[in-house]
Amino acid sequence: MKHLTLLLLILSLSSCNYHKQANDIIDRAEAIVSHNPDNALILLQSIHEPEALTDSVLAKYWLVNGQAHYNSNRSTAEDSLLKYTLDYYKEHHDIIRTTQAYKLFAQHLWWKGDRTGAANLLREGIETARAAQDSACTIQLLRSSAIQSTGDENFEDAVKYLKELLAADRNAPDTYVTYNMLGITYYYLQQKDSSLFYLQKACEAAAHPNYALNSWGLISRNYADILSDFGEHRQAIDIQREVLRRYLAANDKYTTLSYSALGRYYLNLHQMDSARYYMQKSKDTHLPYIDQDLSLSNYYLIQNTLMQYISTNQFLIKDITLFSNRMLEDFLNRMLEDFLNREKVIAEKNESKRVLEQRNLRLSIAKQREQMLLIIILLVVTLAAVLVAFYIQRRKKLLEEKEEELDTLKHLWADVEKANNENDQFFKKILLQQMGIIRMVATNPTPNNQEFLSQMTRITQEDIPSDDLLVWEDLYKVIDSIYGNFYTHIFTRFGNALNERELQLCCLLKANFSTKEISVVTQQSVRTVYQRKTTIRQKLNMDEKEDIADFLSR
Numbered sequence: 001m002k003h004l005t006l007l008l009l010i011l012s013l014s015s016c017n018y019h020k021q022a023n024d025i026i027d028r029a030e031a032i033v034s035h036n037p038d039n040a041l042i043l044l045q046s047i048h049e050p051e052a053l054t055d056s057v058l059a060k061y062w063l064v065n066g067q068a069h070y071n072s073n074r075s076t077a078e079d080s081l082l083k084y085t086l087d088y089y090k091e092h093h094d095i096i097r098t099t100q101a102y103k104l105f106a107q108h109l110w111w112k113g114d115r116t117g118a119a120n121l122l123r124e125g126i127e128t129a130r131a132a133q134d135s136a137c138t139i140q141l142l143r144s145s146a147i148q149s150t151g152d153e154n155f156e157d158a159v160k161y162l163k164e165l166l167a168a169d170r171n172a173p174d175t176y177v178t179y180n181m182l183g184i185t186y187y188y189l190q191q192k193d194s195s196l197f198y199l200q201k202a203c204e205a206a207a208h209p210n211y212a213l214n215s216w217g218l219i220s221r222n223y224a225d226i227l228s229d230f231g232e233h234r235q236a237i238d239i240q241r242e243v244l245r246r247y248l249a250a251n252d253k254y255t256t257l258s259y260s261a262l263g264r265y266y267l268n269l270h271q272m273d274s275a276r277y278y279m280q281k282s283k284d285t286h287l288p289y290i291d292q293d294l295s296l297s298n299y300y301l302i303q304n305t306l307m308q309y310i311s312t313n314q315f316l317i318k319d320i321t322l323f324s325n326r327m328l329e330d331f332l333n334r335m336l337e338d339f340l341n342r343e344k345v346i347a348e349k350n351e352s353k354r355v356l357e358q359r360n361l362r363l364s365i366a367k368q369r370e371q372m373l374l375i376i377i378l379l380v381v382t383l384a385a386v387l388v389a390f391y392i393q394r395r396k397k398l399l400e401e402k403e404e405e406l407d408t409l410k411h412l413w414a415d416v417e418k419a420n421n422e423n424d425q426f427f428k429k430i431l432l433q434q435m436g437i438i439r440m441v442a443t444n445p446t447p448n449n450q451e452f453l454s455q456m457t458r459i460t461q462e463d464i465p466s467d468d469l470l471v472w473e474d475l476y477k478v479i480d481s482i483y484g485n486f487y488t489h490i491f492t493r494f495g496n497a498l499n500e501r502e503l504q505l506c507c508l509l510k511a512n513f514s515t516k517e518i519s520v521v522t523q524q525s526v527r528t529v530y531q532r533k534t535t536i537r538q539k540l541n542m543d544e545k546e547d548i549a550d551f552l553s554r
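So in the UniProt record's numbering, spot 548 of the sequence shown is number 548, and the numbers just go up one at a time.
Wrong hints could be hidden among the right ones.
As the list claims (entries may be wrong) - List of simulated lysine-lysine pairs, BS3-like, C-alpha gap at most 25 Å:
1. Lys397 to Lys367
2. Lys516 to Lys533
3. Lys112 to Lys90
4. Lys20 to Lys90
5. Lys516 to Lys396
6. Lys160 to Lys201
7. Lys397 to Lys516
8. Lys253 to Lys281
9. Lys112 to Lys83
10. Lys367 to Lys396
11. Lys545 to Lys477
12. Lys545 to Lys533
Treat the hints as calculated values from the structure; they're not laboratory data.
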């Protein structure tokens, strides 16, 4: 039993150690997932059996795993266990992790093509964050909902979420971003006044000295472009010239974009000389990043083709070819990008499948090991139970035998008490004293035995030795004295035929000891006593049923 307990303790400690190590790895991955998601994934992959983790550690594992996929622009289509993470943190009222799980699981649904489900899930998350009165989590989910709605071209919902975001976060340092998104969203809805109102507020907010030139320049360029699209070319030119002035002062790489925008504004005003001037300046400040951006590259090609027509009044086939080639290249690049994205998704699915198969294999092996260990434990427990049962049975049998012996001794003592002067009983008394019955009873101090011990003490004779169990040299003298030289008589007649044990048995039979009593006082089994009696009859040529004591007394 001690070994079994130790084994169970070792297994428990081993399990605790595994969960602690896994939790430490997940914490390390979570600490770097925002800036190094790839290394975070490598750390998570070092946990070979995440299915064996406790509920809390497993929920955190899938949360960090999903965040790593999201931050590295990987597909989250295979991260279906984010649903488990979401349910766990909702149940345990961890609003911060619940918010993160809402956002990531919505992204999973989006990758699976369930745009409606993703939108509904984000809305549920917003209501949960509001119920918890957590403004930071509410703002985070509102921003995710607005971005997703814009990407799905659901501009009405995007406006609703952006306005809710403004109401919840009006004093946030990046409010200009929300204003800018609202202005652009209203632009797509062709609501001029609302669009220009929010774009102007975005420019005013971004003009704060704490913000970089790039932030203010981007917002202002958007404002100027949309003003021009709504026919406000002069106001657009004024704003874009201010942007250009600051870009030139800072030698900023986006100077070419302001030149190009001014060329377009003047082109819309039919002021060809100014348009041509700014187009040329844009061409002179052209930088490689323009060609790396397909949308900017195509825009510049179209603009240059228009300027070529204005300058020559000709629309040459080479211009169409250049444009077509660019469009074809753009189309092919997009097809390639889509293909690569699909391949990436397929590869990630295959990788997820491979990892899952490996985990299933490891889990299967672990289960087999656990089953073997369980079988071994059951065998050990069964063997221990059998040994304990055998031990208990043996002790019980021994106790029963000792109780029988004690009953017999008590019976003998009772006989002694009744007739202390009778020959047979007097011999029994002496024999009991020699057996050291006092010592035997004293080793088992029950109330009954204590009384028995007291009775023995009252009749103990000092001149009778009690160091040995039975001192037969003294007993032989007593036998001769009581039974008319019985021992001397049988020793003389049958001493050569009978051994010492058989002579002792004859003396006990003469003293009217029963077989059971002889068994107790000689510490022999009843069967052995019967066997010795049979041997004596055979040696003395007696009948099988003839009484030994009577035969020897003749």
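Structure-based check of each hint:
1. Lys397 to Lys367: Violated: Lys397 and Lys367 sit about 44 Å apart, past 25 Å.
2. Lys516 to Lys533: holds, 13 Å
3. Lys112 to Lys90: Holds, because 23 Å separates the two Cα atoms, which is no more than 25 Å.
4. Lys20 to Lys90: holds, 23 Å
5. Lys516 to Lys396: holds, 20 Å
6. Lys160 to Lys201: holds, 18 Å
7. Lys397 to Lys516: Roughly 17 Å separates the two Cα atoms, so the pair holds.
8. Lys253 to Lys281: OK: Lys253 and Lys281 at ~13 Å, within 25 Å.
9. Lys112 to Lys83: Answer holds: Lys112 to Lys83 is near 14 Å, not above 25 Å.
10. Lys367 to Lys396: violated, 42 Å
11. Lys545 to Lys477: violated, 29 Å
12. Lys545 to Lys533: holds, 11 Å
Of the numbered hints given earlier, the model fails hints 1, 10 and 11; all others are met.
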